[in-house]
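Novice: Protein chains in written order, with our numbering: chain A, 1 to 141; chain B, 1 to 141; chain C, 1 to 141; chain D, 1 to 141; chain E, 1 to 141.
No lab work stands behind these hints, which were simulated from the structure alone. Any given hint might turn out to be false.
Chain copies aren't distinguished; within one or between two, either way the pair holds.
With a straight-line Cα cutoff of 20 Å, these simulated SDA-like cross-link-like pairs (lysine to any residue) come out [stated by the list, open to error]:
#	residue 1	residue 2
1	Lys-29	Asn-11
2	Lys-56	Glu-94
3	Lys-56	Ser-139
4	Lys-20	Glu-133
5	Lys-20	Leu-93
6	Lys-20	Leu-138
7	Lys-20	Gln-71
8	Lys-56	Glu-78
9	Lys-53	Gln-117
10	Lys-29	Asp-40
11	Lys-56	Glu-96
12	Lys-56	Leu-138
13	Lys-53	Gln-140
14	Lys-53	Thr-137
15	Lys-20	Glu-78
16	Lys-53	Cys-141
17	Lys-53	Ala-136
18	Lys-53	Thr-95
19	Lys-53	Gly-72
20	Lys-53	Glu-96
21	Lys-56	Asn-11
22	Lys-53	Glu-94
All figures in this text were calculated on a predicted structure; none of them were measured in a lab.
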Amino acid sequence: MKFALIVSHFNEEITAGLKKGALQFLNEKGFSSHQVDIFDSPGAFEIPLLAKKLAKTGRFNGIICLGCVIQGETAHFEWISMATTTGLMQAMLETEVPITFGILTTYTEEQAIARSQDNSENKGREAAAACWELVATLSQC
Amino acid sequence: MKFALIVSHFNEEITAGLKKGALQFLNEKGFSSHQVDIFDSPGAFEIPLLAKKLAKTGRFNGIICLGCVIQGETAHFEWISMATTTGLMQAMLETEVPITFGILTTYTEEQAIARSQDNSENKGREAAAACWELVATLSQC
Amino acid sequence: MKFALIVSHFNEEITAGLKKGALQFLNEKGFSSHQVDIFDSPGAFEIPLLAKKLAKTGRFNGIICLGCVIQGETAHFEWISMATTTGLMQAMLETEVPITFGILTTYTEEQAIARSQDNSENKGREAAAACWELVATLSQC
Amino acid sequence: MKFALIVSHFNEEITAGLKKGALQFLNEKGFSSHQVDIFDSPGAFEIPLLAKKLAKTGRFNGIICLGCVIQGETAHFEWISMATTTGLMQAMLETEVPITFGILTTYTEEQAIARSQDNSENKGREAAAACWELVATLSQC
Amino acid sequence: MKFALIVSHFNEEITAGLKKGALQFLNEKGFSSHQVDIFDSPGAFEIPLLAKKLAKTGRFNGIICLGCVIQGETAHFEWISMATTTGLMQAMLETEVPITFGILTTYTEEQAIARSQDNSENKGREAAAACWELVATLSQC
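The task is simple: from the sequences and hints, build the whole structure.
Specialist: Here it is as structure tokens:
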């Protein structure tokens with residue numbers, strides 16, 4: 001069993017926390033570091049292409065996507081969030097490989113910090129758990 | 001005639017009520033438990049892939065999707081709801097298998113509770129009924 | 001020349017008015033009841049699959065879709081409306097058969113009643129007229 | 001070089017102004033009336049199918065789409081605008097023929113009137129200019 | 001290594017700044033002007049078709065898209081922004097060539113000016129950097 005972890009380095013201080021949460025979950029479930037390949041994405045908008053490409057390699061049971069988009073003064077937040085979320089759904093439906101969504105879309109930096117702490121509410125941890133569970137359910141379909 | 005029931009276990013206390021409502025409807029219509037296969041989904045975002053995969057097996061006349069997304073402090077609610085709803089529509093149009101929408105998208109937990117009670121307003125029941133009716137109409141097309 | 005009329009029976013008292021308006025228009029244009037096949041849909045979300053399936057049969061010059069979604073207390077209204085509208089557009093573009101949109105998306109029940117009365121503002125009538133005109137223009141393309 | 005002009009006759013008094021603006025631009029650039037074929041659409045929602053069909057004929061270098069959607073009391077405005085705009089984008093990407101967007105989506109009738117006057121701000125004129133320029137750039141790709 | 005730069009000339013005074021920022025970044029990374037081909041787009045809505053066509057030529061490692069949409073009095077801003085953003089995502093997923101998003105979607109002209117200045121916050125510069133980084137990550141997939 002092997003996972004790909006895509007981590008956006010826009011808002012890197014936040015995504016580092018999400019990455020830590022995701023890796024911790026996978027470690028607790030007994031996956032070694034050889035079973036998790038990590039890939040950098042510039043921002044959120046670029047994640048769907050990476051997810052699709054990695055899914056198509058056939059090397060991964062699931063792809064965990066981590067990023068952080070924080071609302072600014074313009075509408076950039078809305079369109080990047082929408083295109084990224086629907087792009088990931090499209091990539092998942094097309095490749096039929098589990099792709100889970102650990103991309104924060106928050107109104108403030110405080111909200112982003114709160115969701116990337118070292119606790120059970122960490123959204124990177126949640127995305128890793130969702131990926132792991134989805135792989136399990138798919139094996140029963 | 002056979003149905004697949006996908007139940008998200010995010011907000012599990014709510015989705016358990018939706019599941020009960022759906023099963024009750026199918027039972028009233030004379031379907032035995034052998035005619036309903038139940039699959040777990042981590043959250044709402046993962047349901048469209050499961051629905052597509054199950055539709056493609058050819059084993060089900062319809063897929064009933066149950067989940068619950070409640071608005072929080074961030075924009076997460078909007079994008080997950082949008083991607084899930086349009087993803088299910090895309091999976092239904094592509095596979096041409098009935099997929100019905102019993103995913104609550106509420107502003108409060110109270111609203112979610114109210115729509116998952118053991119009565120005729122139960123949204124899981126409504127999604128099961130919609131699936132059953134859609135199968136019937138499709139047989140006349 | 002033959003039309004399919006899909007009528008959702010969610011909010012049936014409203015959609016009955018839309019259906020009457022659509023049939024009246026087609027009757028005024030000289031179409032007999034043999035030229036209009038009527039299909040039931042449970043709600044709005046299920047209409048795109050029916051429309052696609054009927055379009056693919058090749059038996060219809062156009063598909064007229066009638067339904068009614070009224071805003072409630074939750075976000076259900078937004079996502080069902082969005083997925084249905086874009087799903088119908090997708091079905092039309094893929095099959096290249098005219099599919100017209102007579103689905104009310106109103107904020108109140110009063111607005112829905114007002115748009116389903118027996119007059120020239122009836123939105124079912126408008127959808128039937130749009131379908132009839134689109135068939136005519138397509139024959140010149 | 002040949003263009004197709006699709007003109008919606010919903011809000012006809014407005015779209016007539018857009019059409020005049022588009023034709024004036026093409027005339028100024030030296031195109032004769034034989035180089036512009038005009039097609040009627042009932043409303044905005046039907047334009048994407050016409051645009052796709054015309055693009056697929058291979059007879060046109062570009063398709064200019066003119067229409068007018070004005071916000072009313074219900075949510076109809078939002079969903080029609082969204083499905084039409086994304087439908088045109090989808091038709092353009094699929095056929096790879098230039099399709100430009102001269103469909104007004106205004107909050108008031110006054111705004112629609114102001115954008116369809118006989119001056120350089122006319123949005124039909126802008127859509128024709130965009131189509132003409134896009135054809136030119138594509139020839140360099 | 002070769003990049004395509006698509007620059008919309010709607011709001012040209014702004015997009016000229018974005019273009020300067022993008023070229024500066026590529027220059028700093030050692031790319032000569034022979035390695036960057038520049039293409040004009042009329043507005044934002046036309047960029048996805050150009051991006052798709054250029055991606056399909058196979059001549060470019062990445063496509064950098066620069067434009068500027070400023071909110072006006074009508075809903076035009078919303079639909080153009082949405083269709084352009086999701087259209088670029090679709091073009092990127094379909095061609096599997098990096099396409100990055102340097103299109104400003106601002107509420108005021110001041111916001112657009114601020115994001116196109118000659119500094120490290122320049123959004124054209126950011127889009128060029130994202131493209132360059134995405135190309136690098138993809139080579140490891």
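Novice: It remains to establish, for every hint, whether it holds in the given structure.
Specialist: Each hint tested on the structure:
Taking CA atoms no more than 20 Å apart as the test, Lys-29 paired with Asn-11 passes in neither setting, with 28 Å inside one copy and 22 Å between copies. Taking the shortest Cα distances, Lys-56 and Glu-94 sit within 20 Å of each other both inside one copy (10 Å) and across copies (13 Å). In this assembly of identical chains, the alpha carbons of Lys-56 and Ser-139 lie at most 20 Å apart whether taken from the same copy (18 Å) or from different copies (14 Å). In this homomeric assembly, Lys-20 and Glu-133 come within 20 Å of each other (Cα to Cα) only inside a single copy, at 19 Å, whereas the closest approach across copies is 22 Å.
Taking CA atoms no more than 20 Å apart as the test, Lys-20 paired with Leu-93 passes in neither setting, with 27 Å inside one copy and 28 Å between copies. Taking identical chains as interchangeable, the C-alpha atoms of Lys-20 and Leu-138 are never at most 20 Å apart, the minima being 26 Å within one chain and 23 Å between chains. Taking identical chains as interchangeable, the C-alpha atoms of Lys-20 and Gln-71 are never at most 20 Å apart, the minima being 23 Å within one chain and 26 Å between chains. In this homomeric assembly, Lys-56 and Glu-78 never come within 20 Å of each other (Cα to Cα): the closest approach is 28 Å inside a single copy and 28 Å across copies.
For the homomeric pair Lys-53 and Gln-117, neither the shortest alpha-carbon distance inside one copy (30 Å) nor that between copies (34 Å) is at most 20 Å. For the homomeric pair Lys-29 and Asp-40, the shortest alpha-carbon distance between copies (19 Å) is at most 20 Å, but the shortest distance inside one copy (23 Å) is not. When the C-alpha separation of Lys-56 and Glu-96 is checked against a cutoff of 20 Å, the pair qualifies both within a copy, at 9 Å, and between copies, at 11 Å. In this homomeric assembly, Lys-56 and Leu-138 come within 20 Å of each other (Cα to Cα) both inside a single copy, at 17 Å, and across copies, at 13 Å.
When the C-alpha separation of Lys-53 and Gln-140 is checked against a cutoff of 20 Å, the pair qualifies only between copies, where the shortest distance is 11 Å, while the shortest distance within a copy is 25 Å. In the homo-oligomer, the alpha carbons of Lys-53 and Thr-137 lie at most 20 Å apart only across protomers (11 Å), although the nearest pairing inside one protomer, at 23 Å, exceeds that limit. In this assembly of identical chains, Lys-20 and Glu-78 lie within 20 Å of each other by CA distance neither inside one copy nor across copies; the values are 27 Å within and 26 Å between. When the C-alpha separation of Lys-53 and Cys-141 is checked against a cutoff of 20 Å, the pair qualifies only between copies, where the shortest distance is 7 Å, while the shortest distance within a copy is 24 Å.
Taking CA atoms no more than 20 Å apart as the test, Lys-53 paired with Ala-136 passes between copies only; the shortest distance there is 13 Å, against 22 Å inside one copy. With identical chains, the CA atoms of Lys-53 and Thr-95 are at most 20 Å apart both within one copy (9 Å) and between copies (11 Å). In this assembly of identical chains, the alpha carbons of Lys-53 and Gly-72 never lie at most 20 Å apart, being 30 Å within a copy and 32 Å across copies at closest. For the identical chains of this complex, Lys-53 and Glu-96 are neighbours both inside a copy (12 Å) and across copies (8 Å), given an alpha-carbon limit of 20 Å.
Taking CA atoms no more than 20 Å apart as the test, Lys-56 paired with Asn-11 passes in neither setting, with 28 Å inside one copy and 32 Å between copies. Taking the closest pair of Cα atoms, Lys-53 and Glu-94 come within 20 Å of each other both inside a single copy (11 Å) and across two copies (11 Å).
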